[in-house]
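With the hints as your guide, set chain L onto chain X.
Residue numbers (this note's numbering), protein chains in the order written: chain X, 1 to 200; chain L, 1 to 200.
There's no promise every hint is true.
One copy or two, either will do: identical chains are not told apart, so a pair holds if it fits within one copy or between any two.
[Unchecked claim] DSS-like, lysine-lysine: derived pairs with alpha carbons at most 25 Å apart:
1) 22 - 168
2) 22 - 95
3) 42 - 22
4) 168 - 78
Quick caveat, the hints were computed from the structure, so don't treat them as lab data.
There are 2 protein chains.
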Amino acid sequence: MKHLLPLDDLIAALEKLPGIGKRSAERMAFALVQNRDGLARKLADALLVADEQVNTCSRCGSITVIKENPCALCTDGKRATGLLCVVESPGDIMKIESCNGFTGRYHVLGGHLSPALGKGVADLRVNELLSRLQSENIQEVLVALGTDVESEATASYLAELITSRGVKASRLAFGIPSGSAIEYTDATTLSRAIQGRQAL
Amino acid sequence: MKHLLPLDDLIAALEKLPGIGKRSAERMAFALVQNRDGLARKLADALLVADEQVNTCSRCGSITVIKENPCALCTDGKRATGLLCVVESPGDIMKIESCNGFTGRYHVLGGHLSPALGKGVADLRVNELLSRLQSENIQEVLVALGTDVESEATASYLAELITSRGVKASRLAFGIPSGSAIEYTDATTLSRAIQGRQAL
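Just chain X, with the same shape it has in the complex (with noise of 0.2 Å):
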């Protein structure tokens, strides 16, 4: 479709963002132009003081404000020191920590391996992992990667690079979900919610 130039340019960096495609870009950057509350300008401020502000903690990788550097998860006095739980996103920690279950410290790695597109050891923060193995005297590290077939596989060369440095590694719990009916569970779920069953 032809458009207005300043249009297409604001389609074109909406396009940019996950899981927006053309037609998602066209209809916000339509809804962006003809919103009377001044939406447009509301949202460019919030991204020009989050680029300002947002940074990379130095520590766990996770992000933080520039203030903050290690981020206030990092220097929490109250958190476990010796459990470090290793993600793939900062996401993933907002996550983790909304169910409340883990008192420990979080580990960013930045995604995991993936030969498809050309992600090996050296673009995730592995020798960062293993130098805080040390320094902050680890003594388990929870290894919080995807159930799919490139992160299990990250999980388990880290599994191996953690063990044989004398710290246990772990990893989640297989099971079926919580609510869930065991009719809507898929095979292998289901398979491995049986190898692992626990004690009644």
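Relative to the frame of chain X, chain L by itself:
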């Protein structure tokens, strides 16, 4: 989830975009603050430029750049002057233009009548349409609204106003979409295609 404040503000602004829920907004916000190609700044710049330069055409109600008012379509001398196409939004104009099948001019209604949302005649650009009928000596108005109940009711209402002023009102043909099989066509579409059958 508990986030950093600048991130919260960004998520809140992104959530106001059409079709974007909490989860998508969080995903986009994380991607934006972690992007290393300056995407946040580029998007902010595109928003500010669009916000400054994009305006509403005083004649057709579509969007235009601030220095072109009336817009390029309204002032294009090559377009048929007696034929006006009424659409709900500027996006519809871009869509119709992309098929190269319409040579007249446009009028943006700004939505359709919706009692549920409290959207009445006063909220649409109906008076502007009626005054254009006379001032631009319009012969025919193609009412190109959607096919949901509210849009059809709006189209009927407009058709009455238009024909009562001695101007011809028409609408888009109903029928089976190009490239589609009869097997996959829904009953309403099919029955309308039969009603509107054409000589071979």
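Taking the hints in turn, this is what the structure says about them:
Taking the shortest alpha-carbon separations for residue 22 and residue 168, neither the intra-copy value of 47 Å nor the inter-copy value of 36 Å comes in at or below 25 Å. For the homomeric pair residue 22 and residue 95, the shortest alpha-carbon distance between copies (13 Å) is at most 25 Å, but the shortest distance inside one copy (29 Å) is not. Proximity of residue 42 and residue 22 under a CA criterion of 25 Å is satisfied in both settings, with 23 Å inside one chain copy and 17 Å between copies. Taking the shortest alpha-carbon separations for residue 168 and residue 78, only the intra-copy value of 22 Å comes in at or below 25 Å, while the best inter-copy value is 76 Å.
Hint check: a violation occurs at hint 1 only; the rest are consistent with the structure.
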